[in-house]
Structure formats: C-alpha cells, structure tokens
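Visitor: Each chain is listed here by its residues.
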Amino acid sequence: GEQVEQRPPHLSVREGDSAFIICTYTDSATAYFYWYKQEPGAGLQLLMSVFSNVDRKEEQGLTVLLNKKDKRLSLNLTAAHPGDSAVYFCAVSADTEGADRLTFGKGTQLIIQP
Amino acid sequence: GGIITQTPKFLIGQEGQKLTLKCQQNFNHDTMYWYRQDSGKGLRLIYYSITENDLQKGDLSEGYDASREKKSSFSLTVTSAQKNEMAVFLCASSIRGGYAEQFFGPGTRLTVL
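From first to last, the protein sequence lines are chains A and B.
At position 62 of the first sequence (counting the first as 1) the number is 62 in the working numbering, and the numbers step up by one without a gap.
Start counting at 1 in the second sequence, then tack on 114, and there's your number in the working numbering.
Incorrect hints may have been included.
Said to hold, decoys possible - Chain B regions said to be covered by chain A (calculated; three or more residues, Cβ under 8 Å): (1) 125-139; (2) 218-226.
To be verified - Derived lysine to aspartate or glutamate pairs resembling DMTMM-like cross-links, with alpha carbons at most 20 Å apart: (3) A/K68 with A/E58; (4) B/K123 with A/E39; (5) A/K37 with B/E215; (6) A/K57 with B/E215; (7) A/K106 with B/D152; (8) B/K155 with A/E5.
As the list claims (entries may be wrong) - So, partial list: chain A residues that the calculated Cβ filter (under 8 Å) puts toward chain B: (9) G16; (10) G98; (11) L102.
Keep in mind that the hints were calculated from the coordinates and are not lab data.
Keep in mind it's a predicted model, so treat the numbers as computed, not measured.
Idealized CB from N, CA, C, for every residue including glycine.
With the hints as constraints, model all of the structure from the sequences given.
Guide: Below is the structure:
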C-alpha cells in the first residue's frame, strides 16, 4: 500500500523566517494531496489541498510544491509567526469512489521562536 | 458552518473492556471517518462510512467495530481494550466523493490501565 515519509519530525525556526516540510510518497496513482495543521488538543485543520495536475499553489504565506516525477510534496511557510506553532501533517489519497482514503505522514512539530 | 462533536473527550478503561466512542456532525455530510492517532505515527484510518448504512474497513480495523446509526452520527467500539494502550481517536466527515475536505473533531483520548 501507499507509504508516506515526512521530514523533519521536529523543526524550530525564528519568527519571520521560513519553515520547509517535505513528504515523499510511493504510489504513482496518488491523485490528491493535502496539508493539515493540528494545534494542541484540537483536530486537524486543512491548510491547502492540491490535485495531481497542479505543480505549485500559493495561499496566504503558504506554498505547496508537487513534484510527481520524484513523488515529492512540500510545504513552505514564509514569515512564520508564533501562531504557526503546531504539528503539520501531509496526507495523500488515490482516486477512491465515494471517499478519500487518506494516508498521512507522521507529522512535523513546528516551533516558532520569538 | 458546522461542527463535529466527539464524546467523551477523555476515556479511561480497563484491559479487556469494551469501549464506545461517539461522533456527531451537523454539516449534513454523507461520509464519515474514524482515525487513530498515536504519538509519532500520524493518523491511521480505522473505519469509514460513505453514506448512512454503509461501513468500510480501513487499514487498522482489527480490534474495532463501527456503526453508522444515522447520517449525522458514527460510533466506534474498541472490542477489547489493550493494557497500556494510549491513543487519540479522531472523527472526520466530508461530502461524498474524492478530493473532498475532511473536517475533524477534537478527538477522544483513550487510556487503558
């Protein structure tokens, strides 16, 4: 089945700097790609999603890059601020009728230092 | 907007006990999911339900049962709690179909003594 590797597991950056998280996946049929944010004691909040025909997507200080040849998905968070401290997960899904069977990475604990 | 409610927030059980976790959503979503989150392991899909009366096994269904009582609710039962087990169980819902945002509840934290 699908395998997703996410790195780094822990990341600490200074306020105003950029944070970069990368995921690699194994199934070339993977069609949908997601980045989620989880704050302490809360569920997951969707940050961005991309379909497989998109190479780059930018929204509100976040950039997602998708390299289908290398099966690599990345999230770049620019100008980090303390509210960005959280655990970030990538997730991928193949085309499944009726539902998205997501495979998650293990998460990246991001700490923004003042 | 809508909300997903999970009860209880904290659940403490004994080894071998049967434990039930409940999830309610008011998004009017067709599809609901149960995930298990272990520290350092990401989320793993246990069961999902595409529509009311449907039930599908995920990657981690052994040791669990699920029930979609009605469109708005989805329950998960741990059939025999394992000693020293600790995990967070997250419920999610979405509209039917692929590439649909899943909305997550805050989770139920399970501790087995």
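Visitor: All hints are to be evaluated individually against the structure, with a verdict given for each.
Guide: Now the hints, each set against the structure:
no. : hint               : result
1   : 125-139            : violated (count 0)
2   : 218-226            : holds (count 4)
3   : A/K68 with A/E58   : holds (18 Å)
4   : B/K123 with A/E39  : holds (16 Å)
5   : A/K37 with B/E215  : holds (13 Å)
6   : A/K57 with B/E215  : holds (16 Å)
7   : A/K106 with B/D152 : holds (9 Å)
8   : B/K155 with A/E5   : holds (11 Å)
9   : G16                : violated (29 Å)
10  : G98                : holds (4 Å)
11  : L102               : holds (7 Å)
Hints 1 and 9 from the list above are not met by this structure, while the remaining hints are.
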